[in-house]
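Student: Residue-level listing of the chains:
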Amino acid sequence: MEITETFEFEAKTDEEAIEKACRQLNLTRDEMEIEILEPGSAGIFGLVGGRKAKIKVTVSRKEPEVPEEEDGIAIAKEALEKILALIPMEGITVRAEQVDGAIVLNIEGDKSGLLIGRKGRTLDALQFIVNKIVNKTLERRARVIVDSEDYRQRRRDFLTQMALRMGDKAKKTQRPVSTNLLNPHDRRIVHLALREDEELGTKGRGEGVLKKVVIIPRRNNVSRSSRFQ
Amino acid sequence: MKELITYIAKALVDVPEEVFVTEIQGEQTSVIELKVAKEDLGKVIGKQGRTARAMRTILSAASTKINKRSVLEIIE
Chain P
214 MEITETFEFE AKTDEEAIEK ACRQLNLTRD EMEIEILEPG SAGIFGLVGG
264 RKAKIKVTVS RKEPEVPEEE DGIAIAKEAL EKILALIPME GITVRAEQVD
314 GAIVLNIEGD KSGLLIGRKG RTLDALQFIV NKIVNKTLER RARVIVDSED
364 YRQRRRDFLT QMALRMGDKA KKTQRPVSTN LLNPHDRRIV HLALREDEEL
414 GTKGRGEGVL KKVVIIPRRN NVSRSSRFQ
Chain Z
149 MKELITYIAK ALVDVPEEVF VTEIQGEQTS VIELKVAKED LGKVIGKQGR
199 TARAMRTILS AASTKINKRS VLEIIE
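Chains as they are written, first to last, in the working numbering: chain P, 214 to 442; chain Z, 149 to 224.
It is worth saying that the hints were derived from the structure and are not from the lab.
There's no promise every hint is true.
As the list claims (entries may be wrong) - Pulled a few chain Z residues facing chain P out of the computed Cβ check, cut under 8 Å: (1) 152; (2) 159; (3) 168; (4) 172; (5) 198; (6) 205; (7) 206; (8) 212; (9) 216.
What the hints assert, rightly or not - Restricting the straight-line Cα-Cα distance to at most 30 Å, the calculated cross-link-like pairs of lysine-lysine (DSSO-like) are: (10) P:345 x Z:158; (11) P:324 x Z:186; (12) P:290 x Z:150.
From the three backbone atoms N, C-alpha and C, an ideal C-beta is built for every residue, glycine too.
Working from the sequences, and respecting the hints, build out all of it.
Tutor: Here's what the structure looks like:
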């Protein structure tokens, strides 16, 4: 949001009027738009017919300070690079891009998988901290995803396959099958993988951040479909 | 290790001037003590200790790299 204010200043010359404006508004010349209304003239010999110079100053300032999307990316990238440098990681680059309203930071060059950690825990920790830093600096919600060596995609594929396998087992045994404790993001992948399957239902179970997903066979559906077969 | 925790803590709190980190080097294990302004304590701990846990995870990854162990203690 931009707030525009205009002021008028008078002085002997336009130069002096501008200086006066700078002083009173506490701004530099570059920070305001200056329009000379009357150039002012010294008159003959500076005695007769002298006219004061009159200027109009337009000041526009952004309020409240809302940094652009670009700033979010820059802040996120800088924070992650700083943390990685302090670990310290060498030969690592961070590529940043905006994808579907989220800031995606790709760490390139960590062949050891150190930054991924067991079950992506280190990657999640980095993501959590960078999210916090960005949200604090921007004072608005931004979503930051930290990835390395395509881990997020690999994890998604792995969880989808696991969900389908467990779904088959649930159908075959006609008993609920439960996953390990998963974080909300991983649980979502499991739910989505089986959403289309009408013979199965999925439910979260447990308390706290980590929960299990229970895959439940729907008896009615199975008996009905087997009747028509 | 000390610089890593200092950077993260300062980026999270409202009063970065009051972030103090000390490192007590042991043979295998270092203890890193983090002290922040009283009103910032919640910022470095987080909901259900999530922020503290994330800092500890990053710290242990950094320690693994130099074949050491580090413990983060938040001083109240």
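Student: Of the hints given before, which are not true for this structure?
Tutor: 3, 4, 9 and 11
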